[in-house]
Amino acid sequence: MTTAAVLQAVILSLTVAALYAAVAAGLTLTVGVTRIINFAHGEFVMLGAFLTYGLHTRWGVSPWLGMAASGVALGLLSALVYRLFLARVLKQDEHNQLLATLGLSILLLNIAVILWSPDPRVMQAPALMPPLRLGAVTVPGNNVAVALVGLLLFLAMLWIKNHTRYGTQMRFASDDPELALHAGINVDRVFELSFVIGGAAAGVSGGLVALVLYVQPSVGVDLVIRAFAIIALGGLGNIPGALMGAAILALVEGLVSTFVPQGGSWGFGVAFLLLLLVLVVRPSGLFGKQVQA
Amino acid sequence: MNALVLRLGFYAAIAAPFVAVALAEHAFLVQVAIGIAVSAILALAWDILSRTGQVSLGHAAFFGMGGYGSALLTPVLGPVLGWTAGLLLCGAVAVLLGAVTLRLRRLYFTIATLSFSLSIQVFILVTPDLTGGSTGIMPPVLAGGSPPHQLLFITGCLVAAAVVSDVFLGARFRPAFFMIRNNPHLAAASGVPVTRLKILAFAVSGMVAGLAGACYAGLYGYVIPDDVFTTNWNVLPLAVTILGGMDTTLGPVVGAVALRLLEEVARHVVGGVGYQVVYGAVIILFIVGMPAGLVGFARGLLRRRKAPARSDGAKARLAS
Chain Z
1 MTTAAVLQAV ILSLTVAALY AAVAAGLTLT VGVTRIINFA HGEFVMLGAF LTYGLHTRWG
61 VSPWLGMAAS GVALGLLSAL VYRLFLARVL KQDEHNQLLA TLGLSILLLN IAVILWSPDP
121 RVMQAPALMP PLRLGAVTVP GNNVAVALVG LLLFLAMLWI KNHTRYGTQM RFASDDPELA
181 LHAGINVDRV FELSFVIGGA AAGVSGGLVA LVLYVQPSVG VDLVIRAFAI IALGGLGNIP
241 GALMGAAILA LVEGLVSTFV PQGGSWGFGV AFLLLLLVLV VRPSGLFGKQ VQA
Chain P
1001 MNALVLRLGF YAAIAAPFVA VALAEHAFLV QVAIGIAVSA ILALAWDILS RTGQVSLGHA
1061 AFFGMGGYGS ALLTPVLGPV LGWTAGLLLC GAVAVLLGAV TLRLRRLYFT IATLSFSLSI
1121 QVFILVTPDL TGGSTGIMPP VLAGGSPPHQ LLFITGCLVA AAVVSDVFLG ARFRPAFFMI
1181 RNNPHLAAAS GVPVTRLKIL AFAVSGMVAG LAGACYAGLY GYVIPDDVFT TNWNVLPLAV
1241 TILGGMDTTL GPVVGAVALR LLEEVARHVV GGVGYQVVYG AVIILFIVGM PAGLVGFARG
1301 LLRRRKAPAR SDGAKARLAS
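Read top to bottom, the protein sequences are chains Z and P.
Numbering-wise, the working numbering puts 235 at position 235 of the first sequence, and it's gapless, one number per residue.
All you need for the working numbering is the position in the second sequence, starting with 1, plus 1000.
Bear in mind the hints are in silico, worked out from the structure with no lab data behind them.
From a predicted model like this one, the values you see are computed outputs, not experimental measurements.
Hints may contain errors.
Computed spacing ranges between beta-carbons, pair by pair [as the list claims (entries may be wrong)]:
no., chain 1, residue 1, chain 2, residue 2, range
1, Z, L76, P, Q1031, 55 to 61 Å
2, P, E1263, Z, Y214, 26 to 32 Å
3, P, F1028, Z, L80, 39 to 45 Å
4, Z, L179, P, T1135, 54 to 60 Å
5, P, V1265, Z, W59, 36 to 42 Å
6, P, V1141, Z, S117, 34 to 40 Å
7, P, I1224, Z, L148, 37 to 43 Å
8, Z, W159, P, P1193, 47 to 53 Å
Heads up, the beta-carbon is just placed ideally off N, CA and C, and yes, glycines get one too.
One chain only, chain Z, in its complex shape:
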């Protein structure tokens, strides 16, 4: 194995990491605020991918525009889902919340299967950006675009959480919902908002998925499981931690798949073994606040 091959694998893994980080940043924002393990986040990403794909294939809409449209559409859908369903689940036990979002995920996944069939498809679009040459390594244009938009999305989540009025309210409401309520914060509204922002991020991430992965109904399941691993690695609600977690997961997965003989299907499992070990040593993730259980 040559240095160039290693470098190639590392750089491609890092562009994938940007996609993971984008999915996980939206998720850790909502999970960090509402404490609901939202498995349907993956299906929001999947719907965003189908929307971007459909807009481009049907009407030739540029994927840039498709991404933005997906963000808006999934933000609205999140608001609807929150009002009709999740708001009622917030007060229930943890296992019921878990099953509720799993149910939502199964519902959306199978609606997609019925509407569009389970077959994978590829979006035939010209590369959004020129390829990037780094010495001996060439990064395909779409991977450059994914890395760029993924990082921007990630920074947007960070900015919303740390530098806006809503972000302050979100942090307050997640630390102590009752106290926040007494301080005059509309906690329900803040929760809804965090869902809408997370959903919009999922929609845009879906557009990125359409650029570099197969568009298929099951794409969200794999992504959301990885996103939860990333969140656990980085620490719940910790957005910078999510970026590190994404990089670690993508690198481990990418390197194992590339360099272990017949390791194509191992990467996923090895990454989760690593996560399990990290949690054993640090129960709140690598970068999470260590709180006594």
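Given chain Z's structure and the hints, the job is docking chain P onto it.
Here is chain P on its own, set in the frame of chain Z:
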């Protein structure tokens, strides 16, 4: 004495429909009943663990290990010892997992169990000589491959799982388990051995889940990793138990029947592809309308009929 007769009657009532189907030898119904019994055993395993507040999303790991363990050990040790050793293996691994996840809270615990179930596949794939790798294994077929006899055997396993579940709902464990779930600090301060009981629950849960997997693996004499170590088996016990009713022995059994009936109806109405859309819809309706599950809902109805005047007390308890 009276209580014992009641208990035995309860187990007989659980077993009766399964035995009736086995005796009728209706090929399709026998397959359906086998599927129901296997999911019910797995769901009972999940419920036992959840009573200590440990919400697992990784029971496919024990399900698969039970299947693989019994399949690989039976040719070496014979059926009785082979199954026993296979289940003990599940119990031992469950103790280890229980010990390392003790400190994990809520989301971290759930993710850790999920990660565990996802990484087991790697072990299978790196040990092709021992476990057959991705091509799978051929376990000895249960009961000579006769489905009605298989159903009778699996019904016996279901009753055994129900007895185990009832032991942990009895006076000896129930208060301690529920105290651990509601407030582990208070439980520890009251002298409840929290660590020991949480790990005990894990061991028992892992072994019962392994039993379900051993039954499943013996059905057709052929198992691949993708068959048993899938997220399907992680989600199924959660759905079955919550729809049926948690913290009961009847709940998981009722839930398994209800979910299977639903599946058959959905296959008929929606067709082969995407029929699971009905699962999603029903789960959502249940969580909103019947959060305590079928058994919890029925109990609530009975209680309301018995003592309509005391409903204020119940409300006060809910509010606290």
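Would you say the C-beta atoms of V1265 of chain P and W59 of chain Z sit inside 36 to 42 Å of each other? holds, 39 Å
Given the range 54 to 60 Å, decide if the beta-carbon distance of L179 of chain Z to T1135 of chain P lies inside it. Distance hint for L179 of chain Z, T1135 of chain P holds at roughly 58 Å.
For the pair V1141 of chain P and S117 of chain Z, does the Cβ-Cβ distance stay inside 34 to 40 Å? Since V1141 of chain P and S117 of chain Z have Cβ atoms about 36 Å apart, the given range 34 to 40 Å holds.
Per the hint of 26 to 32 Å, is the separation of the Cβ atoms of E1263 of chain P and Y214 of chain Z within bounds? 28 Å Cβ-Cβ, so the 26 to 32 Å window holds.
Check the following: the C-beta atoms of W159 of chain Z and P1193 of chain P are separated by a distance inside 47 to 53 Å. Because 48 Å falls inside the window, the suggested range holds.
Falls inside 37 to 43 Å, the C-beta gap from I1224 of chain P to L148 of chain Z? holds, 41 Å
For F1028 of chain P and L80 of chain Z, compare the CB-CB distance with the range 39 to 45 Å and indicate the outcome. For F1028 of chain P and L80 of chain Z the Cβ distance comes to about 41 Å; the hint holds.
Do the beta carbons of L76 of chain Z and Q1031 of chain P sit within 55 to 61 Å of each other? violated, 44 Å
The earlier numbered hint that this structure contradicts is number 1, and it is the only one.
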